[in-house]
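4 protein chains.
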Amino acid sequence: MIIIMEPSASKENIKRVVDVLTEHEFRVIVNQGEIHTVIDAFGDKTSITPGRISALQGVKEVKIIREPFRLASRDRKQEDTVIEFENGVKIGGANKPVMMVGPCSVESDYEGLRQVAFAAKEMGCEFLRGGAFKPRTSPYDFQGFEEKALKYLKQASEETGLLTVTEVMDSADLELICDYVDVVQIGARNMQNFKLLKAVGKCSKPVILKRGLSSTIREFLLAAEHIMYNGNENVILCERGIRSFDSTFTRNVMDIASIPVIKKYSHLPIIADPSHGTGQRYLIEPMTKAGLIVGADGVMIEVHHDPENALSDGKQSLPIPMFKDMMTRVNSMMEHLHYEKNCLSANVD
Amino acid sequence: MIIIMEPSASKENIKRVVDVLTEHEFRVIVNQGEIHTVIDAFGDKTSITPGRISALQGVKEVKIIREPFRLASRDRKQEDTVIEFENGVKIGGANKPVMMVGPCSVESDYEGLRQVAFAAKEMGCEFLRGGAFKPRTSPYDFQGFEEKALKYLKQASEETGLLTVTEVMDSADLELICDYVDVVQIGARNMQNFKLLKAVGKCSKPVILKRGLSSTIREFLLAAEHIMYNGNENVILCERGIRSFDSTFTRNVMDIASIPVIKKYSHLPIIADPSHGTGQRYLIEPMTKAGLIVGADGVMIEVHHDPENALSDGKQSLPIPMFKDMMTRVNSMMEHLHYEKNCLSANVD
Amino acid sequence: MIIIMEPSASKENIKRVVDVLTEHEFRVIVNQGEIHTVIDAFGDKTSITPGRISALQGVKEVKIIREPFRLASRDRKQEDTVIEFENGVKIGGANKPVMMVGPCSVESDYEGLRQVAFAAKEMGCEFLRGGAFKPRTSPYDFQGFEEKALKYLKQASEETGLLTVTEVMDSADLELICDYVDVVQIGARNMQNFKLLKAVGKCSKPVILKRGLSSTIREFLLAAEHIMYNGNENVILCERGIRSFDSTFTRNVMDIASIPVIKKYSHLPIIADPSHGTGQRYLIEPMTKAGLIVGADGVMIEVHHDPENALSDGKQSLPIPMFKDMMTRVNSMMEHLHYEKNCLSANVD
Amino acid sequence: MIIIMEPSASKENIKRVVDVLTEHEFRVIVNQGEIHTVIDAFGDKTSITPGRISALQGVKEVKIIREPFRLASRDRKQEDTVIEFENGVKIGGANKPVMMVGPCSVESDYEGLRQVAFAAKEMGCEFLRGGAFKPRTSPYDFQGFEEKALKYLKQASEETGLLTVTEVMDSADLELICDYVDVVQIGARNMQNFKLLKAVGKCSKPVILKRGLSSTIREFLLAAEHIMYNGNENVILCERGIRSFDSTFTRNVMDIASIPVIKKYSHLPIIADPSHGTGQRYLIEPMTKAGLIVGADGVMIEVHHDPENALSDGKQSLPIPMFKDMMTRVNSMMEHLHYEKNCLSANVD
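Protein chains in written order, with the working numbering: chain R, 7 to 355; chain F, 7 to 355; chain E, 7 to 355; chain H, 7 to 355.
In case anyone wonders, no lab produced these hints; they're calculated from the structure. Keep in mind that a hint or two might mislead.
What the hints assert, rightly or not - Here are some chain H residues the structure puts well away from chain F; computed CB gaps all over 12 Å:
(1) S16
(2) I268
(3) K270
Said to hold, decoys possible - Which residues of chain E face chain R? A partial, calculated answer using Cβ under 10 Å:
(4) K204
(5) E291
(6) P292
Predicted, not measured: the structure shown is a model, and the values here were computed from it. Where a beta carbon is used, it is the ideal one built from N, C-alpha and C, also for glycine.
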């Protein structure tokens, strides 16, 4: 790390910083400038945090040199992580991007979910998604059908062969959820619920980790690091839009560039969620394509058999005919996409 | 609620909106403009969410008229909520603002905490705060001493008579925590951890709820609503800075105006946290005063017996002498402050 | 517009709002709810601004129904605006997207610009861009070669047949600039320099208007409206990234979804600027493709013959070989793109 | 500056960086870490910008050590800048904070302005403010009465002895404006209108520079630097709220902490503008006090003789009786405030 001292820092202040660093077995170089003194320290950052150094007197700023995520870092692992399922579906690397579709919430009646699942199957999608436990801003909103919904997902999976995804909100529910689905999801509002990250880190199913509403890319990768550090390396990142100053026309701003940025710094697969990323039905198709063309390993979208009566997120859910129509064009695009190893974007030809 | 239809909405679209609303026993008025049709609907919003309506075809936008928080709303309860503790300390209303001080993390040695507790007591503070379970962005950072830390807090409380506060990160730890401390705290990163909100809603201790990093005021009050809805009306809100585009000089932007805004719309007490709000030692004093002058019911600050060796947040922690020095001036200011019922700011004279 | 009254609003307050509105020939409907009164007003918003109404006593909120931009609105003009140049190049509608390339700043030596211009020509680009007057955050940074740079642009245009673009920073320079180039550009920092908008509104050249760093889409279209209102309908919007809380890996967040949003609400052409949108060389290609696939009418990128010695923005400028390489793939992609009238995204086949 | 190289940087890349720096007479120290090489360079940053270095191959990041503003920096000038007017009024340092009040726009009739001016005088305020040239988001909004308004300001000044402030939007109007008023103001939307900064830098009147909507503190001070660099050292900074993700209850987020931050890093006076900072009448008083208690050198607020009929910003303007009422309390607070040299906040006793 690099330590920039205040212009007013005394010799004692500087000596103290050097002493603390050498105690922790850092190699230290002190460079005295006209105004500021700069201290370069090379060593094992796990032995002392930058925060410890920045608390020392006379320290203006501590700058880390190396990204703080390790397991998630491409420095550690050059090749793309590929997650493979029993039925042969693969996420990541040079594989065809996967499609994860389904209603925001699984609803009281199985029939709707079945319709969506068969439409998804028909259009070549690999995953059925649906909420069983719902995080809701207001306590007065619908909170999910819990186990009943999990059973419906399982049933639809058995009928269609689709893999399934659902969100986990509490470590207490994790075991139950893992009995029913193939992939568990951590929602944006729980991206820094560290107890939950630890819990899914200990579970055997792959985890979709959604980017927090105002999470930086570094924090996002550190949240993945929490899961990996606890033993689960099968993390799928998901860009789902960030909060900005303008929510008049879109619910969030979808940070499409984060996809190639993350591909550069991490080996983990990353998918795009244009439904939450924009909150608008008419933007799902263009933003799905944008995600794919910059190299996303998959796309997650909300599809509902009857969006007008959806218990949540109806506004951004595609009705089945609109979904099929879009998938025809998206499938045609995917046939022309060419991914190359470590390439940051897809090519069309 | 008010429904603005698209210019392209058909008569059938409009009829459908009206039908859905009347089914749910809303009183409906349709106003046809030159370009847009506007539908005013008056009724019980719990019977149908705005999201359901916005999913109907031809709907451009749904605007809520009434704030969605109810239990937390000043419309429901005009007088300020006052939380009273067994030792007579009160938070809220026209009472003298409370001071909550202590280290970010309780550390391995009791002596440091004891020193801070006695300094706090000496300066007239009411609460000792300290982290036992720590939310940390990186898995490589210190995670807290858990029960050992809780015991230290209890011991310091017994020696000084101070009330105690600590953060809860998982509902599984809540019972344990409630055995040791007087107030539980929900951290910013868990503000929308709805399972945890529900759990503290069922507990008997007052709850400090910190505003999320990019939480709107409405979402903040709805998070409080979750706690109240589950049975616990003793919620203390805490403004601790929000994320902005500039973190060069301060860690967050402290939204001082949110304090009088919340006082206007809610009866709940609200405190200020300038330590997290700014992340800079030299800003604690001015921002403490700013919080108090706009009407905060208390201030929470990080004080450490040896910030240079703090296991977390050393940079923003006040050393004991600097804390005492500041408290002399803050206490003198508080003597001149006059709060009046429902007044949005304090007066000095 | 819709006026929501405070719960505490008196009958006199309501009457006053109604009186003011009817004076201005609005048709007014008053709906009394249990808690709030809602007033719908239909009429000519130019006769009275929402701000006037919101200042009346007892008014909680004024909500506009109709977007405040008119000339720029697709409601007024269904078909896409197409801007045609003397040499036959067209921007907008179903036309092939245009490419605008060149150095951030035109530099002291003509040779570098010539090399870029010929590379651009060779790769099928239509426009050469280059800064003559430079807006710089610090007064100590390079400010541009002014008329000398304009002469170089003209010379390069004559040698290659490329059209030219440069930024105008002051209405005093506008006449000079228009003598040399084909398109004038308003930079992001001047998006709400209303005097400058007025000036370019009176000039005969098409105008590229860059979105401000924290401009909402509505403000962006209203800035275009200023230009159109003053007589110039040839406005080309440009998405160039907005400011967010995270600038660690990218300079800005490129709001790719704003392109299809603007296509829905406005008939004006819109281009993408991935150089400023990301600030990173390696992101230019994926974000160029993302812009094109969602329907951008063109892309503007920074290319420099020697980025290491560029007087500005070297970090985000493509060197010529990297540019040619990328254009081979982008041209191949463009051959497969199919635009349809009013379609929000392009299709590949 | 500090240069962090990519892990993949070659020896040639490193040598190239060193060569470029030594050519520009920097003293260079190269530290090779296990993964990254770090280069410390000490020298005159005006000879080469960080941007030039970051464009070199293999450079991951360039970190400046010294803040880029110089004339505005407290490193250059320890004592507070105090601006003194002919009538003895002083802004900055240990002087009593000044109050600048008046309507957003000067309106067609002189009488209203006269009433505000006399109320301001009566309450001990020093400045009358009022817009003559108005920046407006929409071209359909009122644009100001220009010279007529300037004449009214002059007349009110002559009748009351108050000093006057008005905004300049175009360098072409500057001479005219300087003939009429004592202080010229640069609005938030023009904070990076560098041509205008240059123009006011050459004028003899003190300048109020408002912080841009999404301007960082560093950019804000660099904008002041532009003015000072062009010859005018009498710059008064103004915190007027920044744009955030939440504009439901306040128009902007007022960054109160920026006041003590700027006091630490710059010697320039800084004032607070709670009218634009919050956009809400009821927040003017608490936020005025918050600004004063953290050390603001003055406060600017909008007062109107008839806010209901104001041509702009009526919602946030105080009517005269409310203004007088508030000033009674603010004056009483100011009597108890004690400023000390370089102190970051005021004390009350």
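To see whether the hints hold, each was checked on the structure:
1. Distance check for H:S16 against chain F: the nearest CB is about 30 Å away, which clears 12 Å, and the non-interface claim stands.
2. Remark: the non-interface label on H:I268 conflicts with the geometry, its nearest Cβ contact in chain F lying 9 Å away (cut-off 12 Å).
3. Not every beta carbon of chain F lies more than 12 Å from that of H:K270, the smallest distance being close to 7 Å; the non-interface claim is violated.
4. For E:K204, the interface hint is violated, the least distance from its beta-carbon to any beta-carbon of chain R being 25 Å, above 10 Å.
5. Annotation: E:E291 was flagged as interfacial toward chain R, and the flag holds, the nearest CB pair being 6 Å apart, inside 10 Å.
6. A hinted interface residue such as E:P292 counts as satisfied when its beta carbon comes closer than 10 Å to some beta carbon of chain R; here the least separation is about 3 Å, so the hint holds.
Checked against the numbered hints given earlier, this structure breaks hints 2, 3 and 4; the rest are met.
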